Amino acid sequence: MEMISLRNIDKWYNPSFQVLKNCSTTIEKGEVVVVCGPSGSGKSTLIKTVNALESIQAGDIVVNGISVTDSGTNLPKLRARVGMVFQHFELFPHLKVIDNLCLGQVKVLGRSRSEASEKARKMLERVGLSAHAEKFPGQLSGGQQQRVAIARALVMDPVCMLFDEPTSALDPEMVSEVLDVMTELAGEGMTMMVVTHEMGFARKVANRVIFMDGGEIVEDRPAEDFFQSPESPRAVQFLSKILPH
Amino acid sequence: MNYNWNWGVFWAPSPDGAGTYFDMLLAGLQWTIVTAICSWLIALCLGTVVGIARTTGSRWMLLAGNAYIELFRNIPLLVQLFLWYFVVPELLPVQLGNWVKQLTYGAFYTAVIGIGLYMSARVATQVTAGISALASGQRMAGLAMGLTKAQVYRYVLLPQGFRVILPPLTSEFLNTIKNTSVALTIGLAELTARARAMQEFTFQVFEAFITAAALYVALNIVVTLLMRYIERRMTVPGLVAGG
Amino acid sequence: MFSNLDFSVVSNSLSYLFFEGMTFTLMLTAIATVGGLLLGTLIAMIRLSSLPVLPQVAAAYVNLMRALPLVLVIFLIYFLLPYVGQWVMGASRPIAVGALTSSIITFTLFEAAYFSEIMRAGIQSIPRGQVEAGYAIGLNYRQMMSYVVLPQALRNMLPVIFMQTIVLFQDTSLVYVLSITDFLGAASKVAQRDGRLPEMYMFAAAVYFIISFTASRFVQRLQARTAIVR
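Protein chains in written order, with this note's numbering: chain D, 1 to 245; chain S, 1 to 243; chain H, 1 to 230.
In short, the hints are calculated from the structure, not lab data. Given the structure is predicted, the values throughout are model-derived calculations rather than measurements. Among the clues, some could well be false.
[Said to hold, decoys possible] Mimicking SDA-like on lysine to any residue, the simulated pairs with C-alpha atoms at most 20 Å apart in a straight line are:
1. LYS149/S x LEU78/D
2. LYS107/D x PRO237/S
3. LYS122/D x LEU95/D
4. LYS21/D x LYS77/D
5. LYS135/D x SER132/S
6. LYS149/S x THR69/D
7. LYS48/D x ALA135/S
8. LYS149/S x LYS119/D
9. LYS96/D x THR235/S
10. LYS107/D x TYR153/S
11. LYS77/D x TYR153/S
12. LYS77/D x ILE61/D
13. LYS21/D x SER232/D
14. LYS96/D x PHE203/S
15. LYS135/D x GLY238/S
16. LYS204/D x PRO172/D
17. LYS119/D x ASP157/D
18. LYS77/D x GLU125/D
19. LYS96/D x LEU78/D
20. LYS149/S x SER132/S
21. LYS96/D x TYR153/S
22. LYS21/D x PRO172/D
Here chain D stands alone, though its shape is the one from the complex (with noise of 0.2 Å):
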C-alpha cells in the first residue's frame, strides 16, 4: 500500500529559483526511505512538502489515500495524522515537556486531558524521558529534547513519520540516542521518511535511499545498491566526501 506519493513536483522560490525540480517518489508503507544530497539540494524543502509546510506549483502529493494538493483538504487533520521531526526540535519552550506532549492530543484531537496526559507519560517512558515530564524544554540538553520531540510525534498515532535532519543540530555524543529511538521505532514497521546525513543509519535502516543534488531527484534505489555501487558521478563524490575513509 502507497503511504506517501510524490509525483512530478516543481518549486519556485521566485521566477529564476526553482528549488524542486520535477521530483517523483513513493514510499510504501512500513518503508523506510533516506534522503539525502548536498546543502541546498532541495532535500529539507521536499520533506515540507509531504506535509504541506512548504506550498509547491506544480505536481500532486498523496499522503494516506489523502491528497495534500487538493484545497479542499483539511490540512490540520492531515498533518495531525503524519508526524514530523525538526532539526532544531522546535519543542514549545514556554511549555513544560508534558504539556508539549498534550497540546496536539486535545486540542487537535479532543482527546481528555487525563486521556492524553496518561498516553504521553507512557510514550515519555518509551524514550527514556519520564523523569523529565515537569521539566520545561531549556531544562533538557539536545539530545533529549529531540526524544521529547520524537515523543510529542508518536503521541499523535501517526501513520507516517517525517525526520528533518534529526541529529544536525546535536553534540556528536547525542546523537546515537536519538538514532537508538529511531531505530527502534523502524524495527516496528513505522512508515518513516528522514532526511540526514548519518550514513550509518541509511545503511543499517533504510530500506531505500534518494539522492538529490540541485533540486533533482538524481538517484532513488534500495540502500544497499546505493552505497555499494552508486551510479551518478555526483552520487560518488557526495559519498566520497561524508563517509570515512
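Once you've looked at the hints, dock chains S and H against the given chain D.
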C-alpha cells in the same frame, strides 16, 4: 531666589470645594490612572489584532496593518485628540453630533479613544516584532502537529511573543500614562491640569508642579516594579529571554 | 455633514500657517535636535565614564526626564526659568523669559535625555568581542573607539536618532499649551477666529502626516542602505 515657599498651601481648601489642594491633585492622579488604564486596554486589544494581522503572511492584511500604523503614528497625539474632540462630532449626523458634544465625560471618552488608538499603533509594532522574533520553525511545528492557524497563534506564538515583548510593552504603558497629560488641552482634569490650576489659584508654582512630578515618578516606579514582578512570574526555566 | 465644510479658510491663511507657524515648528525642531544631540552626547559620555558621582547624577537626570510627561516639563520650565534667570543675573526680581525661549530650552533639555539613551544603547550594542578584537590587533582606546566601535554604533544609532527627530517634530505641537504660534497654534488661531475648527484641524493633521510619513520613509530607506550584514 526670592521665591516664597509655602508647602502648607496643600492643606488649604481648594476653590473647587472638594477639599484641600492636596485632595485636588490626588483627584487628578485618579483621572490620570483611570484614563491611562482604559486607553491601555484599547491599545492592547487593537494593537494585538493589528500586530497579528501583519504576521499572517497575507499581503493585503500586511498592507492594511501598515497603513493603520502609519496613520496613527504620523499625526501628533495633540492633533489626533483635536480631531476626535472638535472635528468628529461635526462630521456625524447633527443629532448624534450634538449628543456626543453634550456628554458629561466627553473629554474623558475622547482621551481614552484618542490615546488608545494612538498607542495601539505602537503596541502593534511590538506585537509584530515579538512574533517575528520567534524562529519560523515554531509556527511550522505547531502546524505540523495539526493545529489550525488560529490555534498556532493562541497556544504557540502569542504566549512566547508576549513574553519577549513584555519589557517594551511596559515602557509603552508608561508612555500611555505620560500621554494622558496631553488631554488637558481638551479639558480633562488629570494630574498636570490640576497642578496648572493650583498654580493659577495659589501662585505656588513649584509646590504644585514638583508635587505633580513626584506623583508621576511614584506612579512610574509602582508600574515598573509591578511589571518586573509579572516578568519574573512569567519567566520560563531554561529559556533565555529575547528568543 | 461634509457639505458644510469650506476649505477656503485654509487657502486664505496658507502664508500665515506656513511662514509664521511651520517656520517656528521647524526651527524649534532643528534647534532642539542639535542642542539635544550635543547635550545628549555629553550625558551619554558621562554615563559611560568611570568618573565619580557624575554618572549617577546623569542617570538620575535622564530617568527623571523620561518619567515626566512633556506637557508638565513645558509648564515647569516655563515657570522656573524667570527665577533661574534672576539667580544667574543676580537680579532683584525674576527675569521675564518669553514662551519662545522657554520652549527652546525645554525641548533641548528634554530631548537630550532621550538622545543620550539612544547613544548609550548604540555604543553598548557593539559586542564585547569587537572591543577585544580591536585591542588584540594593538589599537589603543581612542583608536579602538574611533575605528571599531563608533563606526558600527553610529550606523545602528542614526536611523533611531532620525526617528526620534520625527517624534520631536510632532511633539513640538505641545507648545500649544503656552499659546505659541507654531504650526498647530497658527491653525488653531485661524480656526477660532473664523469658527472653522474641522477644516483647520483636518488640514493640520494632513500636513503633519505628510511630513512625518515622508521623513520616516526616507529614514527606512537610509536604514536599509546602511545596515551591516551579519
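So, going through the hints one by one against the coordinates:
Proposed proximity of LYS149/S and LEU78/D is supported: the alpha carbons are some 14 Å apart, at most 20 Å. Between LYS107/D and PRO237/S, the direct Cα distance comes to roughly 24 Å. Violation of the 20 Å bound is thereby established for this hinted pair. Our distance criterion of 20 Å between C-alpha atoms is met by LYS122/D and LEU95/D, whose separation comes to about 19 Å. Between LYS21/D and LYS77/D the CA atoms are separated by roughly 28 Å; this puts the pair beyond 20 Å, and the hint is violated.
For a cut-off of 20 Å, the pair hint linking LYS135/D to SER132/S is broken: about 26 Å separates their Cα positions. Using a Cα cut-off of 20 Å, the hinted pair LYS149/S and THR69/D holds, with the two alpha carbons roughly 18 Å apart. In summary, the hint linking LYS48/D to ALA135/S is supported, as the alpha carbons are separated by about 16 Å, within the 20 Å threshold. Distance restraint check for LYS149/S and LYS119/D: the Cα-Cα separation of roughly 25 Å exceeds the 20 Å cut-off, and the hinted pair is therefore not satisfied.
Using a Cα cut-off of 20 Å, the hinted pair LYS96/D and THR235/S holds, with the two alpha carbons roughly 13 Å apart. With a CA separation close to 13 Å, the supplied pair LYS107/D and TYR153/S stays within the 20 Å bound. A C-alpha spacing of about 17 Å is found between LYS77/D and TYR153/S, which places the hinted pair at or below 20 Å, so the restraint holds. Annotation: proposed proximity of LYS77/D to ILE61/D holds, straight-line Cα distance about 16 Å (limit 20 Å).
The straight-line distance between the Cα atoms of LYS21/D and SER232/D is roughly 17 Å, inside the 20 Å bound, and the hint therefore holds. Using a Cα cut-off of 20 Å, the hinted pair LYS96/D and PHE203/S is violated, with the two alpha carbons roughly 61 Å apart. Our distance criterion of 20 Å between C-alpha atoms is met by LYS135/D and GLY238/S, whose separation comes to about 9 Å. Taking the CA atoms of LYS204/D and PRO172/D, the gap is about 19 Å. The hint holds against a cut of 20 Å.
Taking the CA atoms of LYS119/D and ASP157/D, the gap is about 10 Å. The hint holds against a cut of 20 Å. Distance hint between LYS77/D and GLU125/D is unfulfilled; the C-alpha atoms sit about 27 Å from each other, more than 20 Å. As the CA atoms of LYS96/D and LEU78/D are separated by approximately 26 Å, the hinted pair breaks the 20 Å bound. Proximity of LYS149/S to SER132/S is assessed by CA-CA distance (about 15 Å); at most 20 Å being required, the pair is judged to hold.
Distance hint between LYS96/D and TYR153/S is fulfilled; the C-alpha atoms sit about 18 Å from each other, no more than 20 Å. A threshold of 20 Å between alpha carbons decides the hint, and for LYS21/D with PRO172/D the separation of about 33 Å lies outside it, so the pair is violated.
Against the hints set out earlier in the document, violations occur for numbers 2, 4, 5, 8, 14, 18, 19, 22.
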